[in-house]
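> Let the sequences and hints guide you as you build the complete structure.
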Amino acid sequence: MTRRDSFARKEASQALVKGFKTAVEWDSWGQIEEANKAYRDLCKKILSMHDETKLDFEKNEVESLKSLVSCLKVRIMEIKNDRNYGLGLSQVQSLETFMDMLLVNTIPFPLDISSFSKDLLNLSELKNFSDKLSRHSSYDSATANSSLTRQGDILLTLYVSKMGFKDVSNFTDPTMTISIVDSNGVIIEQPEEIKGSEISKPNHVLFNQEVHFNTPMRLIENDFGFFFEFKHFKAKKKKVSTKAWCFLELDEIKGESGKEIYLEIYKKPTDF
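Numbering of the sequence shown is given in the numbering used here, commencing with residue 15 and proceeding in unit increments.
Since the hints were made in silico from the structure, they are not lab data. All figures in this text were calculated on a predicted structure; none of them were measured in a lab. Note that CB positions come from ideal geometry on N, CA and C, so glycine has one too. None of the hints are false.
Below, in silico cross-link-like pairs of lysine to aspartate or glutamate (EDC-like), each with a Cα-Cα straight-line distance of 16 Å or less:
#, residue 1, residue 2
1, Lys268, Asp237
2, Lys209, Glu243
3, Lys257, Asp285
4, Lys35, Glu110
Pair ranges (Cβ atoms, derived):
#, residue 1, residue 2, range
5, Lys32, Glu235, 18 to 26 Å
6, Leu169, Asp96, 52 to 60 Å
7, Lys32, Glu278, 41 to 49 Å
See the structure below:
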């Protein structure tokens with residue numbers, strides 16, 4: 015599944031992993047007050063995650079985050095009351111792999127929390143948390159990526175001129191979708207779509223438009239790529255179809271600005 019908010023997710027994930035490891039470290043050393051505070055801070059960070067990051071969450075991620083908060087709450091009570099409520103430090107430590115994958119890859123929550131007493135959990139708080147995340151199913155990745163920019167950052171603009179085919183006479187409503195994709199095939203920014211401005215028979219569809227990206231160049235790694243998908247409307251099938259695609263590597267656009275680049279055209283389907 016593609017995640018257009020890839021950079022924001024990685025930053026949020028790193029912050030949660032750091033908080034988790036700090037809490038577990040204090041806990042393993044028997045530093046009760048420090049561990050209690052670190053677990054509480056981590057819970058607070060998770061519960062306020064959407065407000066701070068504007069991330070979009072899938073249903074299974076919401077359930078995993080609720081389960082994680084539940085475990086943290088139980089561990090807080092165990093430390094506070096010096097009692098075992100069915101969790102214990104060793105099971106909290108076993109969550110390390112899950113934490114490393116959280117928000118980056120889909121992974122089920124590894125512990126069964128059904129045995130925890132409801133008296134240990136703030137069920138209304140968890141329900142409000144779940145409801146808030148579930149309401150935000152539409153995500154404006156352009157806004158999120160623009161929030162990653164810092165003073166002095168360089169943003170990329172590409173000028174798309176035209177695309178050539180043997181015969182363009184049968185194309186209806188041609189468009190070009192441009193995406194930035196990381197090494198795992200994840201789309202990291204809301205794809206841009208531009209419409210063909212003219213069909214120049216017999217061989218070219220003209221676009222002659224600029225495409226502006228919100229992801230700073232410092233965050234676009236060398237193994238990322240730019241994908242250009244040519245699409246058109248098929249009246250008989252009543253659907254938009256991808257005809258062909260092109261791929262642009264980062265190395266090809268480094269250096270001088272304004273240079274012309276000619277790309278190879280590949281047959282569908284697009285291979286992210």
